[in-house]
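Student: Here the protein sequences come in this chain order: A and B. Residues -13 to 466 (my numbering) make up the first sequence, in order. Residues -13 to 466 (my numbering) make up the second sequence, in order.
Treat the hints as calculated values from the structure; they're not laboratory data. Even glycine gets a Cβ: it sits at the ideal position worked out from N, Cα and C. It is possible that some hints are incorrect.
As the list claims (entries may be wrong) - Just the calculated beta-carbon pair ranges, DEER-fashion:
#1 B:D124 <-> A:D253: 53 to 59 Å
#2 B:E328 <-> A:R370: 31 to 37 Å
#3 A:S274 <-> B:Q365: 36 to 42 Å
Said to hold, decoys possible - Non-contacting residues of chain A with respect to chain B, defined by C-beta distances greater than 12 Å in every case (computed):
#4 L118
#5 G151
#6 E273
#7 G348
#8 L406
#9 F433
One letter stands for each residue in the lines below.
Protein chains: 2
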Amino acid sequence: MAELANRLELEDLRDNLREVQELLHRQEIEQELLARQEMPRHALVEQLVHQQHLVALQAKLEGLHPADIAFILESLPLQARLLVWDLVKADRDGEILLEVSDAVRESLIESMDPQELVAAAETLEADELADLAPDLPDDVIQDVIRALPLEEREQLRAAMSYDEGSVGALMEFDMVTVREDVTLEAVTRYLRRLDELPDHTDQLFVVDREQHLKGTLPLSRLIVSDLELDVAKVMIPETLTLAPEERAEDAAQAFERYDLVSVPVVDDLGQLIGRVTVSAVLDYVRESSAEQALAEAGLREEEDIFAPVWDSFRNRWSWLAINLVTAFIASRVIGAFEGSIEKLVALAALMPIVAGIGGNSGNQTITMIVRALALGQLQSQYWRTLIIKELSVALLNGLIWGGLLGLLAWWLYASLQLGLVMTFATMLNLMLAAFMGVAIPWVRARFGRDPAVGSSVLITACTDSGGFFIFLGLATIFLL
Amino acid sequence: MAELANRLELEDLRDNLREVQELLHRQEIEQELLARQEMPRHALVEQLVHQQHLVALQAKLEGLHPADIAFILESLPLQARLLVWDLVKADRDGEILLEVSDAVRESLIESMDPQELVAAAETLEADELADLAPDLPDDVIQDVIRALPLEEREQLRAAMSYDEGSVGALMEFDMVTVREDVTLEAVTRYLRRLDELPDHTDQLFVVDREQHLKGTLPLSRLIVSDLELDVAKVMIPETLTLAPEERAEDAAQAFERYDLVSVPVVDDLGQLIGRVTVSAVLDYVRESSAEQALAEAGLREEEDIFAPVWDSFRNRWSWLAINLVTAFIASRVIGAFEGSIEKLVALAALMPIVAGIGGNSGNQTITMIVRALALGQLQSQYWRTLIIKELSVALLNGLIWGGLLGLLAWWLYASLQLGLVMTFATMLNLMLAAFMGVAIPWVRARFGRDPAVGSSVLITACTDSGGFFIFLGLATIFLL
Chain A
-13 MAELANRLEL EDLRDNLREV QELLHRQEIE QELLARQEMP RHALVEQLVH QQHLVALQAK
47 LEGLHPADIA FILESLPLQA RLLVWDLVKA DRDGEILLEV SDAVRESLIE SMDPQELVAA
107 AETLEADELA DLAPDLPDDV IQDVIRALPL EEREQLRAAM SYDEGSVGAL MEFDMVTVRE
167 DVTLEAVTRY LRRLDELPDH TDQLFVVDRE QHLKGTLPLS RLIVSDLELD VAKVMIPETL
227 TLAPEERAED AAQAFERYDL VSVPVVDDLG QLIGRVTVSA VLDYVRESSA EQALAEAGLR
287 EEEDIFAPVW DSFRNRWSWL AINLVTAFIA SRVIGAFEGS IEKLVALAAL MPIVAGIGGN
347 SGNQTITMIV RALALGQLQS QYWRTLIIKE LSVALLNGLI WGGLLGLLAW WLYASLQLGL
407 VMTFATMLNL MLAAFMGVAI PWVRARFGRD PAVGSSVLIT ACTDSGGFFI FLGLATIFLL
Chain B
-13 MAELANRLEL EDLRDNLREV QELLHRQEIE QELLARQEMP RHALVEQLVH QQHLVALQAK
47 LEGLHPADIA FILESLPLQA RLLVWDLVKA DRDGEILLEV SDAVRESLIE SMDPQELVAA
107 AETLEADELA DLAPDLPDDV IQDVIRALPL EEREQLRAAM SYDEGSVGAL MEFDMVTVRE
167 DVTLEAVTRY LRRLDELPDH TDQLFVVDRE QHLKGTLPLS RLIVSDLELD VAKVMIPETL
227 TLAPEERAED AAQAFERYDL VSVPVVDDLG QLIGRVTVSA VLDYVRESSA EQALAEAGLR
287 EEEDIFAPVW DSFRNRWSWL AINLVTAFIA SRVIGAFEGS IEKLVALAAL MPIVAGIGGN
347 SGNQTITMIV RALALGQLQS QYWRTLIIKE LSVALLNGLI WGGLLGLLAW WLYASLQLGL
407 VMTFATMLNL MLAAFMGVAI PWVRARFGRD PAVGSSVLIT ACTDSGGFFI FLGLATIFLL
């Protein structure tokens, strides 16, 4: 919190990045960087560091919160990023690595040698180390584990064993526990002896000798209660607890619903093993919604905007490949009707409209349903209600937009029959979109898959191929 | 918090919904509902309420947290939802209305008469009222305002004046302030006199007579400090503050970066007017990411999954209309090349592939850039770097996928020239997608628009029309 003390407003936070960039962009530094691209970076930094602006930059960085430095690193292209990274004091490397995005973390770790990495990792708590471990080289992790005291080594092992997306992955071990048979007076004396309380300590956890959770003692109760009383008298004996293997998403919903700050995590035996704080939940919520947005657009993971071309390609290729396969299938559907198109070339111009509106409408349906599923709002008995409703909306849309498109086709190509085919094809494709928009998430949820991943690609594949087939098929039957 | 005390695990929370639904679905209730759809709901409820299952249901609801009841209401179709709503004790209506989604709130408010609404509103704090006000009928609001004490009336007026998406909209007025010239002993005595501290009180705010913020006193400091000391000695004199007109998004980022629980809000004169808590921020982050996901799929706002068909139609029509216009333009581009398609019908089958892969790739680029813009990571001097990078990725993608598509076209239609046209068209459309994927958000950000809204529609419009034009144009020049 110390870093925060001198700052008063959000405006100041934004200014930091601007200042750092100005310092970086004074001509001498940029020119040096350009002139010496071939020189090893460390040597370069040493040569530059005597310069006035770099000294100013280093001083500026020293005063910043690790999260702000992380933000600055994310906003800089690789060369400038590594220059700034070298100026940061080594004992802060660990905290900063925790804060940066995965992609940027990779670029920073690549620039460090094993000793630096071990030194950085050793400044972290066990739960933080567990977050970092997947990105570190194996020999570095082994070195770090060997240097840990026994208790922390076990904590690290436990933390690393939990799945991403589980409560265990959000959990931290840093918390204050007290016994129920002591007075509040004694608790207060104990707290005074601690240097400071862990962040987000809104409550103390009451445990017995075997670490079984007996209740919680909110600080706000401790403050307003008679100090003569025993903890057992004042504590809340039963409270919400989490299990490490539960879904992080469920825990996040509980934090949202009940406005929680911290929740104890207990194992099967009721023993306290850690806690989850609202700040871990906030990070989780932000990250998981970002991931979903990226996944829907077909990006495998968060991308460093300044990533090398090859890294970007690897992050994006798989969905492009899937898109290519589905587009190829749609193309073959058209291919099957080449004879019809040859006879009536207007079909080629009109068919993408039918496919397009189906895709758009299907995406609306599937997005809504995937969201309701994620929130647990969709009970199995209501699927039928839902599919009837979606088909009705599709029918209404079909009448209105299909009718409009039919009029347009009639006007453009002076053929009433073509207009009617257009109207019916649009209506049918919208109903196909509604049906698949409900069916795809239902089937995926049934088989235990995440209904969100790739939902957009799947629905579009259906409405493209389906739209071409319906339109060209109807046209072949009724027009030719 | 009282409602939480009896609950131990997340599993129990999930069971609540199941139990309520079971109670609702015992045959007698369902049959009654079906048989009496025409009867006024209140009469129906009264007739039913003597039945055992409804009594059990009411008892069950009584024990639940308002947020849990809100969740249950969201998960029920309209008829069952209103039945449950009538069983909820009237004095909890206000809290529950705050928790449900906008769409469901509308359906509940429609079912209440003005007196019920006034009674519900009067149980709320000024900042909560401000959240509810936009959904209430005007005469209800006037009645409520008239009944408020002067101070709260002014708070309400202030709260209602802030834009959605500003810090003011997240702010609450409930907080504890102390003077700097009293001892911690006196502070503790004062706190004891309060019934309970407001939720999320991790710190007290230190103010002078004119409410100027002088510093903050974290509870964790209060607990571990000598009670003889003055507040001025122990408080943190300078701390992060927010202004009511700042962007909620910026405040959320500050909460995330610095792991905050509460932050004071001050006006231009440095006077304390309220505070923002992490739980308001968590709700905001969740809501705004949901809104963005919905907007990208072309839904105007969050939709009640059981909404009447007509409501759903209104929520979705505008984007379908836009899609229709862009699809029509793309169709006219094809129309301009009908002569070419007539001569070489293979073009009709291949053209959607070129357009599709461009759209997919453009969406990847635009999603990444919109995200970086939202996080403030994109400085103006790096646009050029970025566009060069994206064009390079597009070139690489074009060589690989375009090459593959060229081979496919060659194999399918036994024409090397057609294959070459396919390859070059794919490559050019991918480069168009990359260029527009950077240019669209840049232009929109320049003109102060939200670069996210409709980004997907815009990029797809470019790559569809562009893809058809490039492919059919190249084919006309080189093949015919």
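Student: The structure should be examined with respect to each hint, and the outcome stated for every one.
Tutor: Structure-based check of all given hints:
1. B:D124 <-> A:D253: 53 to 59 Å: About 55 Å separates the Cβ atoms of B:D124 and A:D253, which means 53 to 59 Å holds.
2. B:E328 <-> A:R370: 31 to 37 Å: Because 47 Å falls outside the window, the suggested range is violated.
3. A:S274 <-> B:Q365: 36 to 42 Å: For A:S274 and B:Q365 the Cβ distance comes to about 27 Å; the hint is violated.
4. L118: Per Cβ check, A:L118 is outside 12 Å of chain B; nearest 17 Å; holds.
5. G151: holds, 14 Å
6. E273: violated, 10 Å
7. G348: About 10 Å separates A:G348 from the closest Cβ of chain B, which leaves it inside 12 Å; violated.
8. L406: Given that every Cβ of chain B is farther than 12 Å from that of A:L406, nearest at about 18 Å, it holds.
9. F433: holds, 20 Å
Hint compliance for this structure: hints 2, 3, 6, 7 are broken, all remaining hints hold.
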